[in-house]
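2 protein chains.
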Amino acid sequence: MTTKMREIRLKSRPVGLPVAENFELAEVALPAPAQGEVLVRNLWMSVDPYMRGRMYDRPSYAPPFQLGEPLQGGAIGRVEQSNHPDFATGDLVESMNGWREGFVSIGGALQKLPNENVPPQAYLGVLGMPGLTAYSGLARIGEPKPGDTVFVSGAAGAVGAAVCQIARLRGCRVVASAGSDAKLSWLRSVGVDAGVNYKTCGNLLEAVRAAAPNGIDIYFDNVGGDHLEVALELARPFARFIECGMISAYNDTELKPGPRNIIYVVGKSLKMQGFIVTNYWDMRDQFRVEMTQWIKDGKMKWEETVENGIENAPKAFLGLFSGVNSGKMLVKLG
Amino acid sequence: MTTKMREIRLKSRPVGLPVAENFELAEVALPAPAQGEVLVRNLWMSVDPYMRGRMYDRPSYAPPFQLGEPLQGGAIGRVEQSNHPDFATGDLVESMNGWREGFVSIGGALQKLPNENVPPQAYLGVLGMPGLTAYSGLARIGEPKPGDTVFVSGAAGAVGAAVCQIARLRGCRVVASAGSDAKLSWLRSVGVDAGVNYKTCGNLLEAVRAAAPNGIDIYFDNVGGDHLEVALELARPFARFIECGMISAYNDTELKPGPRNIIYVVGKSLKMQGFIVTNYWDMRDQFRVEMTQWIKDGKMKWEETVENGIENAPKAFLGLFSGVNSGKMLVKLG
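First to last, the sequence lines map onto chains A and E.
Counting in the numbering used here, the first sequence runs from 7 upward without gaps.
Counting in the numbering used here, the second sequence runs from 7 upward without gaps.
Honestly, the hints are just simulated from the structure, not real lab data.
Mixed in with the good hints, there may be bad ones.
Remember, identical chains collapse to one label, so a pair may be satisfied in a single copy or spanning two.
Quick list of in silico lysine to aspartate or glutamate cross-link-like pairs, EDC-like style, CA-CA up to 20 Å [unchecked claim]: (1) Lys-274 to Glu-75; (2) Lys-274 to Asp-63; (3) Lys-307 to Glu-260; (4) Lys-277 to Glu-149.
The following block holds chain A by itself, in its conformation from the complex:
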């Protein structure tokens, strides 16, 4: 007895900006789960900017995706058949087996969702990896103090939007950069103090300076490039730069010049620190408790941009690089 499921495979490695032709849809026949295994049908899958890095054939913190193999990523599914004592039909589970409609897995690779009154896909966003990225990076590298000015680039993305709201909850003033007025309007509705539309503002430095006239104490970087140079220019002494991502460079086919004012790191005693979310895995339990409470108290909001069907997963992923998403970009599978 097999079950047919579709999946997205990496057909060719992108050169520069990924295109639809780098992906292919395939159908596989899943066997019935053996002893200790579980058959899961995915309801939601995540697409995230970091996945671009795994499409290069080079060593990094995660191994490269393999050509002809299904991609991987966060997913929320429902147990359809279980031969594992810890899982029952109907259980909602989290896995790294995204980019496919379903899968058979050993139970140990799955995690049951907590029994909280939140939509399951939140565990791919504000309560999942992007949320923990925001929460832990801000805490461990940013060390926010009440009154600090926090500048966030890519502020309307899944990570950025969480950073903005957590920083507000920590008593900070938040200046957000995003690529549309609609995104900025939403960010203001959740408490962001000032916003810059980097696509229409003209001189980015002067626009951010106007929004942060006393300078920046913390920069949460999702973008790199010009935004990083502007943040260096406006940084106050002892500012902390949380280097979470540099989406502006993920598709570069050649090396671009770095920030021309990197010397400010010395004179202003800046700290610029990169991280990946697994560095701060020890904060996960604390994060889930505090974030869940914020959600229940109405203190944490999020947006979702949803594509439907596994066949549209590449489109969802490609949309990250043109910023079509507001908030968490998801693919609904079930």
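Fit chain E to the known structure of chain A by using the hints.
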């Protein structure tokens, strides 16, 4: 009763590399010290790369030098007349009143040298600001562990040479970059494991890679520019970059592109942190005790490059930017 002393004043602000014409020698008549004051004749003065920054007319961590006024910097002098109860004729004192043969000061601005059996000018070098810079930056930002590979640029300078030896004393493997084979030979004589002559090595990346085949855990940056880019390339995950200085950029008249591989800060979870020595002033007592002991035990060596006479102070300063000095650059005044 006045005493004639000569001093060096800033005549014009350098544009690019400073030249002799930016400085002028002047003679002043010092009054007799009033109550609470001390007349000091300087024996030694320091020239340091950071002084270049104070020649720009812009706000920074130290106020800019003023045109027509004497420059400032570390100096060691001998008390010639005292109207302060804490100082007696003959006392050796440290001050920030360098660039002059002598001065009258309130006693509170002076610090008596400890009574240790070390040459007094060491308090401008290995036991002074450069030594504390090396000691505190390595400890607080570098967090060295035995077995770490430490890459040091500007390794033959006053700060760099101390960093190399402290890192060895902390159990690290040390790779040094300097601008002459003679400097590297001296560095090897004090325990440095591998050296790169950046002026003759050809491809700096490949030369440093050969000297640090397992990558870099700590980079102590005195230079910036190409050295920083190379260190980013060779950094191991979680490497620490101690951003002490970027002498390669101090005389730039226009902004130069930054490191093209700055994105590694994210993927490798690097920490890049700038500092000035006063950030870690709390380590000063501990530093003096430990460094003095190392000197007495023969575990810490240093070189000095000495110019004689206040009239040669500008020449000594200019020499820092072509690297004519091995070790601490000093001007002998008394």
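Do the hints match the structure? See the list:
{"no.": "1", "hint": "Lys-274 to Glu-75", "verdict": "neither (47 Å within a copy, 26 Å between copies)"}
{"no.": "2", "hint": "Lys-274 to Asp-63", "verdict": "between (37 Å within a copy, 16 Å between copies)"}
{"no.": "3", "hint": "Lys-307 to Glu-260", "verdict": "neither (38 Å within a copy, 45 Å between copies)"}
{"no.": "4", "hint": "Lys-277 to Glu-149", "verdict": "both (11 Å within a copy, 14 Å between copies)"}
Comparing the model with each earlier hint shows violations of hints 1 and 3; every other hint is respected.
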